[in-house]
Amino acid sequence: MKSRTIRLLALLGALSLVLAACGGDGSSDATTTAPTGETTDGGSDTTEPATETTGGSGGEASGSIVVSGSSTVEPITARVGEAFDGANPGVATSVEGPGTGDGFARFCAGETDISDASRPISEEEIAACEASGIEYVELHIATDGLTVLTSPDNEAVTCLAFTDLYALLGPESEGFANWSDANELAAELGAPNAPYVEEPLVITAPGEESGTYDTFVELVIADISEERLGEDNDFTRADYNASANDNVIVQGVTENPTSLGWVGFAFFEENQDVLKAIEVDSGESGCVAPSADTIASFEYPLSRPLFIYVKTNDLGSRADLTAFVDFYLSDEGLAFVSDAGYVQLPAEDIEATRAAWDGAKG
Amino acid sequence: MAVATPALTPTDIVRQSIEGRRFSPINALVAFTMLFTLLSSVVILITLLADTIAAALPVFASRGLSFVTASLSPTAASAGIWQGIMGSLALTAFVIAVAFPLGVAAAVYLEEYASDNRFTRFINANIRNLAGVPSIVYGILGLFLFVEILMRGVFGAEGGIGGRNVIAGGLTLAVLVLPIMIITTSEALRAVPGALREASMAVGATRWETIKHQVLPVAIPAILTGTVLTIARAFGESAPLLLAGAQLSLFFSVSSEASFTDLITTQPYTALPIIVFNFARQPQAEFVSLTAAAIVVLLVMLLTVNAAAVLVRDRYEQRYR
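In the order they appear, the protein sequences are chains G and Z. Quick note: the first sequence uses the numbering used here, first residue 172, plus one each step. Quick note: the second sequence uses the numbering used here, first residue 116, plus one each step.
Note that these hints are calculated values from the structure, not bench results. Remember, it's a predicted structure, so these values are computed and weren't measured experimentally. Some clues are possibly wrong.
As the list claims (entries may be wrong) - Examples of chain G residues lying across from chain Z (beta carbon under 8 Å, computed):
#1 Pro246
#2 Ala249
#3 Glu253
#4 Ala263
#5 Asp417
#6 Asn442
#7 Gln443
Note that beta-carbon positions come from the ideal geometry of N, C-alpha and C, so glycine has one too.
Whenever a hint applies, use it, and build me the whole structure from the sequences.
And the structure:
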């Protein structure tokens, strides 16, 4: 009896050890070498990023790079990270996308090396970074266009001006269950596309943690709400289906013929067959449809820059991080912008970004 | 309940059942309702499975097992789930290593040693309550206790993933399933006949000798079954890991120079359920079928674990009885 119990326990112990042993293996074939001393990288930091064409700048950098932030930018950084990792297997890279605000919270607490952002850093976040002594450089890497959506079945709407959007989505629209409920407010604002149809207004859009929400409020709502209600009223109505999951938004918009919502351009591009983009009129531009061209030229009024923020505190000793950003800003790295569904920067903006990075490297 | 109407005495009921069945409409109605409930849950399950498998088939058809062995990638065509499988297995190892000994020891104490007083009743009630606490709450506990205090405070983890390692995740899951572990083991011990203990003590065995030689051997099949089902529970958990630091990402890599110690302390990890969640968030249509395929792998692994539970139980029941 006794020996059996012991044998059984030994078996269980062995099983757990085996599991633990294969457990850690992770992605790459871990060659469990003895500590090889500090293989501080050879020649990755001297090469010119702009002329790099092959691989992640051929480094043997080691270390770990942690990226967090915007879920909008995540697909770009993840692609860059994957390509970089192929050439630098010694570096542990992780890329997450909880949202721009959450990303900056971690960045300014010193937990991440790079923060993806779908809006510029805010005043409070700057203060938080200063308080904890985090220095950083802002790098503009791509352009996105917030796309206002409805179902393809909705033929009543083709274009909405900022005033229309304010009447339908702004803080004063709370409780409007039908498009036509906004008629009075729209008339007051002089919105060009009112009156609206007498159909249910079903809104599915990003929640407040999202940079996509912040940008929408800043571009569309803030000016009008400040004029009408005074400061600190820059938010949308609260009574809509908020989701951090862009696919849920796409689904919500698709399912209802008189829906309204907004997402980043990449999500619209991937789902063009089930979505209809509404043209947007800033009040000066006339109706502009979102497309790669109109977004790149900022002719589309809801164009917004996408950034990465790189921690510069200990850049001198971080060959891995330097090599990563070098690769990100190389032609090969920036090519992933279009892969991920976003719009490439024009040449002069790319130059400006590279200059900013070179300045930060010192 | 509706069968025994007040007019019938027990004798009547017995006579009825001996003399043969008589049609009772209420009886038939109850039976039909039960059958319908059973069928509807089976139908829901089958629909779910069929739907998932149908969506997953194209992935396995076109990529075969390379989907299982490939690493995470933002490109749908090359994305795989290997890191999730490995991460989940590593987490499970920690759950076994921590929750099994602690859970069994606690249960043995509660059932065999502790006297039935107000204190042990309080503890027992608490364990039962803890088993019902939502798992996300354990995530917050894990983030605070294991990531903040243990990894960052005690071990001074900083830089990189900053203590959000697989040990912290494994400990979080272990704490999550510990109450369930204790409860199932307690039930197993309670099912051991008291006569066995009395007989053993009557021939002079101490309490510990009784437990070691009589009680545990008889209870072990039930304990192991409970353990395996508990592990299955931990294997499918995602919410606490999101907080305790598993990578919710389309791409992460570990260093090729990482030793085994590095892998469990300084390198990022993820788990299979987390990958399912993350795949489902992606915009590309291809990720829909990848999500389904990842679910199929998760289900297959869980069913394997459950089948192992049945096998273990059968095997040891034969051996010890």
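For each hint, the structure was consulted:
1. Pro246: 5 Å, holds
2. Ala249: 4 Å, holds
3. Glu253: Hint on G/Glu253: holds, closest Cβ of chain Z at ~5 Å, below 8 Å.
4. Ala263: 4 Å, holds
5. Asp417: OK, holds: G/Asp417 within 8 Å of chain Z, min 6 Å.
6. Asn442: 7 Å, holds
7. Gln443: 11 Å, violated
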